[in-house]
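K.L.:
Line order of the protein sequences matches chains G and U. Okay, so the first sequence: first residue is 1 according to full-length UniProt numbering, each after it adds one. Okay, so the second sequence: first residue is 1 according to full-length UniProt numbering, each after it adds one.
Please note that the accuracy of each hint is not assured.
[What the hints assert, rightly or not] Where chain U lies over chain G, by a calculated footprint (3+ residues, C-beta under 8 Å):
1. 41-51
2. 103-112
3. 134-144
4. 176-188
5. 239-253
6. 284-298
It is worth saying that the hints were derived from the structure and are not from the lab. Every residue, glycine too, gets a C-beta built ideally from N, C-alpha and C.
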Amino acid sequence: MSILVLADLHEGQLAGATAHVVAAAQAIGGDIDVLVAGEGVQAAAEAAAKLDGVSKVRVADNAVYAHQLAEPMGALLVELADGYTHVLASASTTGKNVLPRLAALKDVSQLSDVLGVESADTFLRPIYAGNAIATVKSDDTLKVITIRTTGFDAVGSSGSATIEAVDVVVENSQSSFVKEELAKSDRPELGGAKVVISGGRGMGNGDNFKLLDGIADKLGAAIGASRAAVDAGFVPNDMQVGQTGKIVAPDLYIAVGISGAIQHLAGMKDSKVIVAINKDDEAPIFQVADYGLVGDLFEILPELESKL
Amino acid sequence: MKILVAVKRVIDYNVKIRVKADHSDVDLTNVKMAMNPFCEIAVEEAVRLKEKGVATEVIAVTVGPKAAQEQLRTALALGADRAIHIETDERAESLAVAKLLAKVVEEEQPGLVVLGKQAIDTDNNQTGQMLAALTGLPQGTFASEVAVDGDKVNVTREIDGGLQTIALTLPAIVTTDLRLNEPRYAKLPDIMKAKKKPLDVKTPADYGVEVASKVSLLKVESPAERKGGVKVASVDELIDKLKNEAKVL
Numbered sequence: 001m002s003i004l005v006l007a008d009l010h011e012g013q014l015a016g017a018t019a020h021v022v023a024a025a026q027a028i029g030g031d032i033d034v035l036v037a038g039e040g041v042q043a044a045a046e047a048a049a050k051l052d053g054v055s056k057v058r059v060a061d062n063a064v065y066a067h068q069l070a071e072p073m074g075a076l077l078v079e080l081a082d083g084y085t086h087v088l089a090s091a092s093t094t095g096k097n098v099l100p101r102l103a104a105l106k107d108v109s110q111l112s113d114v115l116g117v118e119s120a121d122t123f124l125r126p127i128y129a130g131n132a133i134a135t136v137k138s139d140d141t142l143k144v145i146t147i148r149t150t151g152f153d154a155v156g157s158s159g160s161a162t163i164e165a166v167d168v169v170v171e172n173s174q175s176s177f178v179k180e181e182l183a184k185s186d187r188p189e190l191g192g193a194k195v196v197i198s199g200g201r202g203m204g205n206g207d208n209f210k211l212l213d214g215i216a217d218k219l220g221a222a223i224g225a226s227r228a229a230v231d232a233g234f235v236p237n238d239m240q241v242g243q244t245g246k247i248v249a250p251d252l253y254i255a256v257g258i259s260g261a262i263q264h265l266a267g268m269k270d271s272k273v274i275v276a277i278n279k280d281d282e283a284p285i286f287q288v289a290d291y292g293l294v295g296d297l298f299e300i301l302p303e304l305e306s307k308l
Numbered sequence: 001m002k003i004l005v006a007v008k009r010v011i012d013y014n015v016k017i018r019v020k021a022d023h024s025d026v027d028l029t030n031v032k033m034a035m036n037p038f039c040e041i042a043v044e045e046a047v048r049l050k051e052k053g054v055a056t057e058v059i060a061v062t063v064g065p066k067a068a069q070e071q072l073r074t075a076l077a078l079g080a081d082r083a084i085h086i087e088t089d090e091r092a093e094s095l096a097v098a099k100l101l102a103k104v105v106e107e108e109q110p111g112l113v114v115l116g117k118q119a120i121d122t123d124n125n126q127t128g129q130m131l132a133a134l135t136g137l138p139q140g141t142f143a144s145e146v147a148v149d150g151d152k153v154n155v156t157r158e159i160d161g162g163l164q165t166i167a168l169t170l171p172a173i174v175t176t177d178l179r180l181n182e183p184r185y186a187k188l189p190d191i192m193k194a195k196k197k198p199l200d201v202k203t204p205a206d207y208g209v210e211v212a213s214k215v216s217l218l219k220v221e222s223p224a225e226r227k228g229g230v231k232v233a234s235v236d237e238l239i240d241k242l243k244n245e246a247k248v249l
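With the hints as extra help, turn the sequences into a complete structure.
P.N.:
Here it is in structure tokens:
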């Protein structure tokens, strides 16, 4: 078996997700290469070379791959995929954007959001917003897979893989980058944080989300939100935890003023410890919470912040 | 220009799903079905582009069993002009659907194809991207804003950590994310009118496309149930439990 992992980049640096995808590749077994594609990505390539289990890092460093637009990235993968049995990427918005193109051009199916590996051709993946888990077997000669990173513990970074340049340059006249507005934050990234504190519609308005800041600072937590809070316009969509937002599995998840709709639970129910704070003691969130505290969040949050 | 919009019949998003006792699949007998919510957003966007005068005709297409015509009629009631039903009882996966849609694109030559970013049953998030690859057209996935400007379209995409805007040459493929728009409800007179709008029925064989896939579904299980824990009486008790019992602080 021979596996190619497409590295995730965040502002040109190697994103944490890649170490999880390499772990998934290890679960499949075989030689693991990592492809780092972008513009000015030498540092990311060096970081990828340190990931345990990686034999070779292939670097496609060219302006055409800047921002990892779907069309050139798909074309690059088509050029490089021959000789591999599996091509993996994280189920990030980049992985999901690019990998189906590779699959279609190679006339194979693609498996999305794989969270478990049974064997080299059989995988577990969530369907119906995580309300069912499907076991699927692929008989395609090339298996193209996006990995749900919460399903695999990250590999360490004590390796020293070789780095080689890829000189494939593709044409792209169809799509161009205009701008990017990334939310700036000193807090850990939602997907990789050890502690997440999320607010729901019960927060009342966007200003009240400030009540979560102090607690997040003390716990080193990322701040999330339910879809209800996003739809109500309290906070931006990139804070959304749930089936239609981020899937998280931190050590500690604190849900504040969140009722616990199925679509939210699908995004956080694999957290190790769940705390729910809600004034409605019948809220469904309490059915999944390890520790529930019934009461007024506007009294509880300041008290919690002062006592932590 | 024409806009082609793809829709899918799925289990209604409010229905709590059950896994069949033999674990062969999810039980869909006597379950309420509806148009996939992301497809509703796609139809709405197409209809708005027609209302703005950007599009001249909106064509809705679906791949699925006979009953999927209900969802096409919904699309027609919401403002699509005509519909194409590619009828199959087989479980058509993303690649087969994309191949069929590619044939429709070849026939109809739309300026824009709008699809939901994913269906809420299989949660694949693939068809639009595959269609783009097969037709050789550029793609703007997870769109929260679509602005057609001459022979280009600017698509603002919801990406991890923020928003990205890209410019695509037309024709192009767009897939919708949640915040693109709020779909309207169909009015009764429009539902009546929709019954008279043209709906062509085709089969995958008409397009020379094989629906079978090399991926087989071995079993479907319910996820591990998470058991509810305890209620604590105070913030002090909560902090104590997190420190000493759960050991996460």
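K.L.:
Any hints this thing doesn't respect? Which numbers, in order?
P.N.:
1
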